[in-house]
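*Asks:* Given only the sequences and the hints, what does the whole structure look like? Please build it.
Residues per chain are reported as follows:
Number of protein chains: 2
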Amino acid sequence: MDSRTQESLTRDEVGSLISSSRVAGTEVYNRQGEHLGTIEHVMIDKHSGQVGYAVMAFGGFLGIGEKYHPLPWAVLDFDPAKGGYVVDLDKKTLEGAPYYGDTSDPYDWTDRGWRSRVDKYYQPYL
Amino acid sequence: MDSRTQESLTRDEVGSLISSSRVAGTEVYNRQGEHLGTIEHVMIDKHSGQVGYAVMAFGGFLGIGEKYHPLPWAVLDFDPAKGGYVVDLDKKTLEGAPYYGDTSDPYDWTDRGWRSRVDKYYQPYL
Chain D
1 MDSRTQESLT RDEVGSLISS SRVAGTEVYN RQGEHLGTIE HVMIDKHSGQ
51 VGYAVMAFGG FLGIGEKYHP LPWAVLDFDP AKGGYVVDLD KKTLEGAPYY
101 GDTSDPYDWT DRGWRSRVDK YYQPYL
Chain H
1 MDSRTQESLT RDEVGSLISS SRVAGTEVYN RQGEHLGTIE HVMIDKHSGQ
51 VGYAVMAFGG FLGIGEKYHP LPWAVLDFDP AKGGYVVDLD KKTLEGAPYY
101 GDTSDPYDWT DRGWRSRVDK YYQPYL
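Chains as they are written, first to last, in this note's numbering: chain D, 1 to 126; chain H, 1 to 126.
Rather than coming from a laboratory, the hints here were simulated on the basis of the structure. Owing to the predicted nature of the structure, the values given are computational and were not obtained by experimental measurement. Just so you know, even glycine gets a beta-carbon here, dropped at the ideal spot from N, CA and C. Incorrect hints may appear among the rest.
To be verified - Straight-line alpha carbon distances no greater than 27 Å define the calculated DSSO-like cross-link-like pairs of lysine-lysine that follow:
id, chain 1, residue 1, chain 2, residue 2
1, D, LYS46, H, LYS67
2, D, LYS67, D, LYS46
3, D, LYS120, H, LYS46
4, D, LYS91, H, LYS46
5, H, LYS120, D, LYS46
6, D, LYS67, D, LYS91
7, D, LYS82, H, LYS46
8, D, LYS67, H, LYS67
Claimed, not checked - Far from chain H, some chain D residues (derived; all Cβ distances over 12 Å):
id, residue
9, GLU27
10, ASN30
11, LYS92
12, GLN123
Unchecked claim - Chain D stretches covered by chain H per the calculated footprint, using a threshold of three residues with CB under 8 Å from any CB of chain H:
id, segment
13, 35 to 49
14, 77 to 91
*Replies:* What follows is the structure, given as structure tokens:
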């Protein structure tokens, strides 16, 4: 829970609601307790307001060589004891998952092929 | 659209999806074109992933004396020409709306009374 004050917890994460600024920076672990990465931001459907994906930064050092993995919101379980998200994925599964990197061509969310590739990959883990 | 590069726009706001990091900092105007405030963060339902509220900072200077108004997501319309959100609210309506400040007691989202007060206030503007 790092250095956040009790007050900011009260403000940022209460009842069934959580602040986007609290989601960003939250650590992600697998069921084996391995640290997988850190949530960078979430992708929200502009019209419905539904969060589609949490984008997790994975690997790299100080932003160099990082890979960004979009995870469907539904694969993330918040574990209050860990203060982070737990996903039912091992590192190998993650390494095979769709991602984009700093240096790769910018991925294109308007490309339905990209989204359906992400959705299909995680279908068994929902 | 400030200094964001075309690439970051491509990455942050594409098709029907928008990044939470792009929503934060976005300006809010009313139909008369008056500047009302700036989105600070959004409140997301942890289980469903549905964005309930966008919290708008309003008034104040460098964070001092600011008021935070939660706006139901449904009152916000994104206007690509303005590069910001447009709401059908005048300043007076906003001044009468539920808010919390730096110095007030922290509001409590677990208090169903608070949420229903916000929801009820904006009901006519949805």
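*Asks:* Indicate, hint by hint, whether the structure satisfies it.
*Replies:* Verification of the supplied hints:
no.: 1; hint: D:LYS46 <-> H:LYS67; in the structure: 25 Å, holds
no.: 2; hint: D:LYS67 <-> D:LYS46; in the structure: 25 Å, holds
no.: 3; hint: D:LYS120 <-> H:LYS46; in the structure: 23 Å, holds
no.: 4; hint: D:LYS91 <-> H:LYS46; in the structure: 24 Å, holds
no.: 5; hint: H:LYS120 <-> D:LYS46; in the structure: 23 Å, holds
no.: 6; hint: D:LYS67 <-> D:LYS91; in the structure: 13 Å, holds
no.: 7; hint: D:LYS82 <-> H:LYS46; in the structure: 16 Å, holds
no.: 8; hint: D:LYS67 <-> H:LYS67; in the structure: 37 Å, violated
no.: 9; hint: GLU27; in the structure: 16 Å, holds
no.: 10; hint: ASN30; in the structure: 19 Å, holds
no.: 11; hint: LYS92; in the structure: 26 Å, holds
no.: 12; hint: GLN123; in the structure: 17 Å, holds
no.: 13; hint: 35 to 49; in the structure: holds (count 10)
no.: 14; hint: 77 to 91; in the structure: violated (count 1)
Of the numbered hints given earlier, the model fails hints 8 and 14; all others are met.
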